[in-house]
Amino acid sequence: MIRTERQLYIFQKDWTGNGERGIRDQMLMPAIFFGAVSPGLFLSSVIFDYIPGLWLSITLNFVGYGLTHLLYLGRMERFWRGLANIRTSWISRGLLFNILFSITSLLYTLSATFTIPVLNVSGVNTTLKIAGIISAILFAAYPGFMLSFVKAIPFWRSLLEPALFFLQAIMAGTAIHILSFAFTKSGYGNTDILTGINFILMLTVLLLIMTALVMKSLHGEAERVSVRHLTIGGLSTYFLGGALFAGLVVPIFALSLIFAFGLDLQRFEILLYSLMVFELTGVYLCKYSIIRAGVYTPALKSRISI
Amino acid sequence: MKRYAMVVDLKKCLGCQTCTISCKLFHGLGPDIVRVKVIEQEEGEFPHVERMFIPLRCMHCDDPECLKACPTGATKKRTDGIVIVDQDECMGCRYCAVVCPYQARTFIAVDRRYFPGNGNLWEAKRYTEHQTGTMQKCDFCYKRIDEGISRGLEPGIAPEATPMCVISCIGKALYFGDLNDPESKVSRLIKQRNGFRLKEELGTEPSVYFLPRR
Numbered sequence: 001m002i003r004t005e006r007q008l009y010i011f012q013k014d015w016t017g018n019g020e021r022g023i024r025d026q027m028l029m030p031a032i033f034f035g036a037v038s039p040g041l042f043l044s045s046v047i048f049d050y051i052p053g054l055w056l057s058i059t060l061n062f063v064g065y066g067l068t069h070l071l072y073l074g075r076m077e078r079f080w081r082g083l084a085n086i087r088t089s090w091i092s093r094g095l096l097f098n099i100l101f102s103i104t105s106l107l108y109t110l111s112a113t114f115t116i117p118v119l120n121v122s123g124v125n126t127t128l129k130i131a132g133i134i135s136a137i138l139f140a141a142y143p144g145f146m147l148s149f150v151k152a153i154p155f156w157r158s159l160l161e162p163a164l165f166f167l168q169a170i171m172a173g174t175a176i177h178i179l180s181f182a183f184t185k186s187g188y189g190n191t192d193i194l195t196g197i198n199f200i201l202m203l204t205v206l207l208l209i210m211t212a213l214v215m216k217s218l219h220g221e222a223e224r225v226s227v228r229h230l231t232i233g234g235l236s237t238y239f240l241g242g243a244l245f246a247g248l249v250v251p252i253f254a255l256s257l258i259f260a261f262g263l264d265l266q267r268f269e270i271l272l273y274s275l276m277v278f279e280l281t282g283v284y285l286c287k288y289s290i291i292r293a294g295v296y297t298p299a300l301k302s303r304i305s306i
Numbered sequence: 307m308k309r310y311a312m313v314v315d316l317k318k319c320l321g322c323q324t325c326t327i328s329c330k331l332f333h334g335l336g337p338d339i340v341r342v343k344v345i346e347q348e349e350g351e352f353p354h355v356e357r358m359f360i361p362l363r364c365m366h367c368d369d370p371e372c373l374k375a376c377p378t379g380a381t382k383k384r385t386d387g388i389v390i391v392d393q394d395e396c397m398g399c400r401y402c403a404v405v406c407p408y409q410a411r412t413f414i415a416v417d418r419r420y421f422p423g424n425g426n427l428w429e430a431k432r433y434t435e436h437q438t439g440t441m442q443k444c445d446f447c448y449k450r451i452d453e454g455i456s457r458g459l460e461p462g463i464a465p466e467a468t469p470m471c472v473i474s475c476i477g478k479a480l481y482f483g484d485l486n487d488p489e490s491k492v493s494r495l496i497k498q499r500n501g502f503r504l505k506e507e508l509g510t511e512p513s514v515y516f517l518p519r520r
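These protein sequences, in sequence, are chains Y and U. Going by this note's numbering, the first residue of the first sequence is number 1, and it counts up by one from there. Going by this note's numbering, the first residue of the second sequence is number 307, and it counts up by one from there.
Hint data in this document are derived by calculation from the structure and do not stem from the laboratory. What you are looking at is a predicted structure, and each value in this text was computed from that prediction instead of being measured. Treat the hints loosely; a few may be bogus.
Unchecked claim - Computed cross-link-like contacts, DSS-like style, restricted to lysine-lysine with a CA-CA straight-line distance of at most 25 Å:
hint : chain 1 : residue 1 : chain 2 : residue 2
1    : U       : K505      : U       : K382
2    : U       : K491      : Y       : K151
3    : U       : K318      : U       : K491
4    : U       : K491      : U       : K505
5    : U       : K491      : U       : K308
6    : U       : K505      : U       : K374
7    : U       : K382      : Y       : K151
8    : U       : K491      : U       : K478
9    : U       : K374      : Y       : K151
10   : U       : K505      : Y       : K151
11   : U       : K505      : Y       : K13
12   : U       : K382      : Y       : K13
13   : U       : K374      : Y       : K13
14   : U       : K478      : U       : K317
15   : Y       : K151      : Y       : K13
Said to hold, decoys possible - Covered stretches of chain U, going by a simulated chain Y footprint (3 or more residues, C-beta under 8 Å):
hint : segment
16   : 364-378
17   : 394-406
18   : 426-439
19   : 456-462
20   : 497-508
The C-beta atom is built at its ideal place from N, Cα and C for all residues, glycine as well.
All chains, please: the whole structure from these sequences, using the hints.
Structure follows, in structure tokens:
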């Protein structure tokens, strides 16, 4: 049946994860999540020379990001065509950044793990490291640019988006770095400094999110509709409860107590790992909520006098 | 150089959806796939309330957001201003649908038919022309226009060279023609009746104009 729609503010429905293709349509959010965790973990692992982290980053990139993103596409066999419009398309640029990151991170990890004559030459090794870092930064930030360049959805149009996506990527990277100590004690001595970095990043991300919410709620009506949907509407459980409270406030509060009382983090391993799981869940829910909260301005409001 | 445009007279639109149906029939579009949709808007306060209907489709913008966003280059803009999607190049990322301010694109997720099984003969023949996993949008019936022009017909004047929605509109609310020709019907209507475009503030320069009701 053809329905006549009544429209005012319409939420974007193409990137929601709800679709007729079932699980394949739900693959976008894991792709975006792992597309943040993977470069974040790579950067964290490069800084601390953490080989298991490098390998985990590569695995998350190829399986968590690459495979899920391919499954999401309507015609995955044509993914290579995605490089055709680098001049103007952020999806194209993202694909390019991912390819660069995949190649450089893999080569650097190989050179850091094994003795490979061609790769272990000093200059080559350093070049790969720098190229890996640059491509990881670009890859981590690109979804933010992708959203911020959507003119049609005012809630996404802000330079805070790329900053948020980038900082969340590093935050999630350090969180999974700490979490990996549950399985390997290699590099375990860096727990204190990693937790400190993670704590600062969480505070910065929380501040950035609060700033964005306040700024958006002071702008146009479409932004306010998005903010309302995130804070008192259908997404409030995910955003306020999951992303902000469980994902940021609880870890910040618990770590503040640990730091304030000068407690030994290694005595609170289980708590620390639990907090990192909370934080990662929060990052996922934050991205999910922001994407779901995108609202178009009405096509006709205030234009037509009848 | 021609630039094809459409004009919608809001005073004449009845909200009958004939444009939607004729488009679906002509292009052989399956369930939930629409290129033209009619939205309803209420204005005013009781007892001075009025309803109006607004047919929406791809606005064939002069500076289309979808063209810039499309990573594969499947979205193309022809020299006559018509924006089309090459289904053989589309990879189905749906970024174009997200960036479109007019929500004019539909993703063909699965091959569905109105009739059970393989559908009726019409569905079996026509639905396979559209690839699942790609985007659909109004293309101003460009194949019809091209064919008409090759026969020496004038789009917007000769029915055989005019989009199906325009010729099927029972309220005669739709007009089609060359925007670059100041003597064309569309140019004259826009000028005479203060035609406006939707979301002009975004700077996409749509090619679909609307004539106010008063």
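Consistency of the hints with the structure:
1. U:K505 <-> U:K382: holds (22 Å)
2. U:K491 <-> Y:K151: Measuring from Cα to Cα gives roughly 32 Å; hence the hint is violated.
3. U:K318 <-> U:K491: The hint holds at about 16 Å.
4. U:K491 <-> U:K505: holds (23 Å)
5. U:K491 <-> U:K308: Distance of about 14 Å is within 25 Å: holds.
6. U:K505 <-> U:K374: holds (18 Å)
7. U:K382 <-> Y:K151: Holds - the C-alpha atoms of K151 (chain Y) and K382 (chain U) are around 19 Å apart, at most 25 Å.
8. U:K491 <-> U:K478: holds (13 Å)
9. U:K374 <-> Y:K151: It holds: about 12 Å lies between the C-alpha atoms, which stays within 25 Å.
10. U:K505 <-> Y:K151: holds (11 Å)
11. U:K505 <-> Y:K13: Holds. K505 (chain U) to K13 (chain Y) sits at ~20 Å (cutoff 25 Å).
12. U:K382 <-> Y:K13: holds (23 Å)
13. U:K374 <-> Y:K13: holds (20 Å)
14. U:K478 <-> U:K317: Between K478 (chain U) and K317 (chain U) the Cα gap is close to 10 Å, so the pair holds against 25 Å.
15. Y:K151 <-> Y:K13: Holds, because 16 Å separates the two Cα atoms, which is no more than 25 Å.
16. 364-378: Since 7 is at least three, the answer is holds.
17. 394-406: holds (count 11)
18. 426-439: holds (count 3)
19. 456-462: With 0 residues in contact (Cβ-Cβ under 8 Å with chain Y), the coverage given for the segment 456-462 of chain U is violated.
20. 497-508: holds (count 4)
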